[in-house]
Amino acid sequence: MDKLTKEQRKKNMQAVKSKGSKIETVLAKSLFSLGYRYRKNDKTVFGKPDLTFKKLKIAVFVDSEFWHGKDWETKKHDHKTNQDFWLAKIERNIERDREVNEKLLKDGWKVLRFWGKDIIKNSRTCTDTIIETINEAKRKNKY
Numbered sequence: 009m010d011k012l013t014k015e016q017r018k019k020n021m022q023a024v025k026s027k028g029s030k031i032e033t034v035l036a037k038s039l040f041s042l043g044y045r046y047r048k049n050d051k052t053v054f055g056k057p058d059l060t061f062k063k064l065k066i067a068v069f070v071d072s073e074f075w076h077g078k079d080w081e082t083k084k085h086d087h088k089t090n091q092d093f094w095l096a097k098i099e100r101n102i103e104r105d106r107e108v109n110e111k112l113l114k115d116g117w118k119v120l121r122f123w124g125k126d127i128i129k130n131s132r133t134c135t136d137t138i139i140e141t142i143n144e145a146k147r148k149n150k151y
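In the numbering used here, the protein residues as written are 9 to 151.
Please keep in mind that the hints were generated in silico from the structure rather than gathered at the bench.
Ideal Cβ positions, reconstructed from N, Cα and C, are used throughout, including at glycine.
Worth double-checking, as some hints may not be accurate.
As the list claims (entries may be wrong) - Computed beta-carbon distance windows for the label pairs:
no.	residue 1	residue 2	range
1	Lys-78	Glu-140	18 to 28 Å
2	Arg-106	Arg-47	15 to 25 Å
3	Lys-97	Asn-130	27 to 37 Å
4	Ile-102	Arg-47	44 to 54 Å
5	Lys-146	Ser-41	13 to 23 Å
Between the sequences and the hints, there should be enough to build the whole structure, so can you do that?
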């Protein structure tokens, strides 16, 4: 049984953002403050990455644990209501993430994915990973 009423659940679900989430904003502001410029949710790049460095072909995705199925095999039975819907929904999200990764990699992009809690707990490590990838791409493009 759901702990929330239908109205409360509806309000919670309507508040979920597809872009401009807190975790995305934390990472973006961290990079911006260090002087890195990027495109947010660029529709011209397959999969609409949260952040793109188009010239360097780097796509950054910020994935929330719930919607993208972190530890899915152990947590998929945690859904108590509307289980068929949630299993199909989240498994499709996981599959779509795989498809996006494969397509971008095939097209020569470097794909970085970060879990939301990793960004919140240690945004500096995530930022450093992106910066290292940028520097590596710049070195490759130089020669």
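Hint by hint, here is what the structure shows:
1. Lys-78 with Glu-140: 18 to 28 Å: Since Lys-78 and Glu-140 have Cβ atoms about 23 Å apart, the given range 18 to 28 Å holds.
2. Arg-106 with Arg-47: 15 to 25 Å: 23 Å, holds
3. Lys-97 with Asn-130: 27 to 37 Å: Taking Cβ atoms as reference, Lys-97 and Asn-130 lie about 29 Å apart, which means the hint holds.
4. Ile-102 with Arg-47: 44 to 54 Å: Given about 25 Å between the Cβ atoms, the range is violated.
5. Lys-146 with Ser-41: 13 to 23 Å: 20 Å, holds
Violation of the numbered hints given earlier is confined to hint 4; every other hint is satisfied by the structure.
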